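One-letter residues, chain by chain:
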Amino acid sequence: MGSFTSFSDFIQMGTHGLYVWLSYGIALVIFIYNIVSAYLLKRQFFINAKRRLRREQGTI
Amino acid sequence: MTLEVKNLFCERDERILFSNFSLHINTAEVVQVIGQNGSGKTTLLRILCGLSDAYTGDIFWQGKYLDGESDERYHAVLYVEHLSGVKGTLTAEENLHWMMQLDKSLNKCSIMDALQQVGLYGFEDVPCHSLSAGQQRRVGLARLYLSSAPLWILDEPFTALDKKGVGEKEALIANHVHEGGSVILTTHHDLMVPGKTVRPINLDEVAVI
Amino acid sequence: MKIKMPRWFYQLASPKWFYDITGMLLPWFGLAAILLLLVGSIWGLVFAPADYQQGNSFRIIYIHVPSSILAQSCYMMMAIAGAVGLIWKMKIAHVVAGACAPIGASIAVMSLATGAVWGKPTWGAWWVWDARLTAMLVLLFLYIGVIALNSAFENKASSDKATAILSLVGLVNIPIIKYSVEWWNTLHQPATFTVTEKPAMPPEMWIPLLVMVLGFYCFFAVVLMIRARIEVLEREKRSDWVKKVIENYGR
Amino acid sequence: MNFLLSAIKRELLLVFRRRNDIINPLAFFLMVAVLFPLGVSPDPTFLSEVAPGVIWVAALLACLLSVDGIFRSDYEDGSLEQMLVSSESLLALVLAKVLTHWLVSGFCLAIISPLVAMMFFLPEQGYFALIVSLLIGTPTLSLMGAIGAALTVALRKGGVLISLLVLPLYIPVLIFGAGTVQAGAMGLAIQGYLALLAAILVLSLMLAPFAISAALKISVRS
Numbered sequence: 001m002g003s004f005t006s007f008s009d010f011i012q013m014g015t016h017g018l019y020v021w022l023s024y025g026i027a028l029v030i031f032i033y034n035i036v037s038a039y040l041l042k043r044q045f046f047i048n049a050k051r052r053l054r055r056e057q058g059t060i
Numbered sequence: 001m002t003l004e005v006k007n008l009f010c011e012r013d014e015r016i017l018f019s020n021f022s023l024h025i026n027t028a029e030v031v032q033v034i035g036q037n038g039s040g041k042t043t044l045l046r047i048l049c050g051l052s053d054a055y056t057g058d059i060f061w062q063g064k065y066l067d068g069e070s071d072e073r074y075h076a077v078l079y080v081e082h083l084s085g086v087k088g089t090l091t092a093e094e095n096l097h098w099m100m101q102l103d104k105s106l107n108k109c110s111i112m113d114a115l116q117q118v119g120l121y122g123f124e125d126v127p128c129h130s131l132s133a134g135q136q137r138r139v140g141l142a143r144l145y146l147s148s149a150p151l152w153i154l155d156e157p158f159t160a161l162d163k164k165g166v167g168e169k170e171a172l173i174a175n176h177v178h179e180g181g182s183v184i185l186t187t188h189h190d191l192m193v194p195g196k197t198v199r200p201i202n203l204d205e206v207a208v209i
Numbered sequence: 001m002k003i004k005m006p007r008w009f010y011q012l013a014s015p016k017w018f019y020d021i022t023g024m025l026l027p028w029f030g031l032a033a034i035l036l037l038l039v040g041s042i043w044g045l046v047f048a049p050a051d052y053q054q055g056n057s058f059r060i061i062y063i064h065v066p067s068s069i070l071a072q073s074c075y076m077m078m079a080i081a082g083a084v085g086l087i088w089k090m091k092i093a094h095v096v097a098g099a100c101a102p103i104g105a106s107i108a109v110m111s112l113a114t115g116a117v118w119g120k121p122t123w124g125a126w127w128v129w130d131a132r133l134t135a136m137l138v139l140l141f142l143y144i145g146v147i148a149l150n151s152a153f154e155n156k157a158s159s160d161k162a163t164a165i166l167s168l169v170g171l172v173n174i175p176i177i178k179y180s181v182e183w184w185n186t187l188h189q190p191a192t193f194t195v196t197e198k199p200a201m202p203p204e205m206w207i208p209l210l211v212m213v214l215g216f217y218c219f220f221a222v223v224l225m226i227r228a229r230i231e232v233l234e235r236e237k238r239s240d241w242v243k244k245v246i247e248n249y250g251r
Numbered sequence: 001m002n003f004l005l006s007a008i009k010r011e012l013l014l015v016f017r018r019r020n021d022i023i024n025p026l027a028f029f030l031m032v033a034v035l036f037p038l039g040v041s042p043d044p045t046f047l048s049e050v051a052p053g054v055i056w057v058a059a060l061l062a063c064l065l066s067v068d069g070i071f072r073s074d075y076e077d078g079s080l081e082q083m084l085v086s087s088e089s090l091l092a093l094v095l096a097k098v099l100t101h102w103l104v105s106g107f108c109l110a111i112i113s114p115l116v117a118m119m120f121f122l123p124e125q126g127y128f129a130l131i132v133s134l135l136i137g138t139p140t141l142s143l144m145g146a147i148g149a150a151l152t153v154a155l156r157k158g159g160v161l162i163s164l165l166v167l168p169l170y171i172p173v174l175i176f177g178a179g180t181v182q183a184g185a186m187g188l189a190i191q192g193y194l195a196l197l198a199a200i201l202v203l204s205l206m207l208a209p210f211a212i213s214a215a216l217k218i219s220v221r222s
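Protein chains in written order, with the working numbering: chain E, 1 to 60; chain Z, 1 to 209; chain Y, 1 to 251; chain R, 1 to 222.
Derived from the structure by calculation, the hints contain no laboratory data. Hints may be right or wrong, so weigh each one.
Said to hold, decoys possible - No farther apart than 25 Å at their CA atoms in a straight line, the calculated lysine to any residue pairs in the SDA-like style are these: (1) Lys-156(Y) with Asn-37(Z); (2) Lys-91(Y) with Ser-213(R); (3) Lys-16(Y) with Glu-14(Z); (4) Lys-178(Y) with Glu-76(R).
Since this is a predicted model, take the numbers as computed values, not measurements.
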């Protein structure tokens, strides 16, 4: 498998497994944070906008 | 001398102040802007003298479109508001001297004459923070005596003035109009300009609900 | 100062056009981002050879370098978009600039965190005052300033212009900051080798890096478009087309 | 040019009417510097080693502290609005304000800096470098700080915000300024460092006034 002899070798990354996986973990977390925060922003906007639209239509 | 506003749209705090609003100030005319608190009186005056960007619309000065880059308005407008830019640590004379540096059209009379007109003769070397509120106000208003600018834009010029002071200012406005100048102002007083009818503009009527 | 621009430039200034075109582009960029990031990270983690000096910790390069590059170009994009907004009074440009700031800051955090993690096996400490890391830290501070200023104004129009000016001032300063930090670094820490600068990297190492860089850019484009689209809707909420978009949403 | 002179005259007059404005940054500078021996160690070798950095950091903070108010009183009493509707050049006004700020902050700090240097056992050959680096470096701090002050003058929470905006921009000046003093204290040539500081000053002198006046217009017209 690639430049590794076995799967456990791949997980351990020589002796640097902690650092490599920590880095990729950090990257993943920040990627997910970006997507989720943008999605939440979008949801919040539409919830507020629908409410406002209903309010405005209700008054007319 | 004309200032013209066309298609003015202005929104503040989710509220539309003006929409499709137009205004025309002619030579030798007094225009009084009236309206409730928050109807946009100050905002309108600030837009007129170039102190607000929060609008869309076209402003013409002497028939020439102002694009916001070069502004000939600044040579011809006197703007006096309730804050009026009087420094407490400077004396009345120093304050007026600086205002004359800023605004070259403040050249009608000498500083001493203007101070005498507003009843501050003898107070010229007192730091303004030791004057009363009304006296400080009069330091700012001394500019009206100094100014030869054709258009005056006055935001609540009569606050903190006594009856006599208001009468004097009204006479001053009348004189200015008589000489061919124009005035647009906001005030809660019943404005009486001798020998001239005041054209009112009611902002409560133009407001969009 | 004002140069006449081609027609598409002004079309871009129309919020509806911007909303429609980004709506079309978004899925493609999303797909590209997923593919490139997956391919690049598997390639980098599994198939790229280990570095003869640093061993497998070298694989952090596939996160650290793309995030560093992206954090810098994101700032540049923010400042340029701000300048376009100031010069041509284009609201969409300000929208894009505003959307850049939080993304860029998070990517700068990623670059710093992965740099720190990489530092542990390489230098034996979680933080080293390395020139690149320090400059990235300053870049993060610049982002924080822009975000703080942007949220401090109540009036959108003035907050747009103020942040545009601040990011332009920052853009002028970035080269000076980088130069000064590098100079300071050589003065205080001579002969520390920099991990990210390899004289000759074999293709099986740098091709996955390139893939990752492209993936990061695509990802950035995706988040940027999502954020900018919401901001466009927010600012245009009184117009009829936005009301239609809102009514049709979730049906 | 005439207008620039009268603007400078007015600013100086305002400063001399409020003498605290001159004393405050100096007192702040001294106090921050004194915190280091108290907080870390009064050991002369340690102090002489950290002296360049500490003195420069203290000077930088003193500049930052005082630059926040550079436009505030003019904004609050309406003077700034009169300046914007004036047909006179806003750039000249901005230059006058920044120059006055530098005279009461950076210039005075440079003058009293030998006092702090003595308390920090800075080698005597470093005194010249200290004074000259402060004289050339602090105008840049005033210019950059004025950009931040102009951007935040209309905001209520200006004070904290301006540090966030401006401190990152101060880093190059800090690095080269402290570097000058270090080199000077070691008896090395300092011309190169001073040239760098001067180059940064020229650049900011060319660009910052435009940024400041644009920022002032935004703040007032918002």
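For each hint, the structure was consulted:
| no. | hint | in the structure |
| --- | --- | --- |
| 1 | Lys-156(Y) with Asn-37(Z) | 23 Å, holds |
| 2 | Lys-91(Y) with Ser-213(R) | 22 Å, holds |
| 3 | Lys-16(Y) with Glu-14(Z) | 21 Å, holds |
| 4 | Lys-178(Y) with Glu-76(R) | 38 Å, violated |
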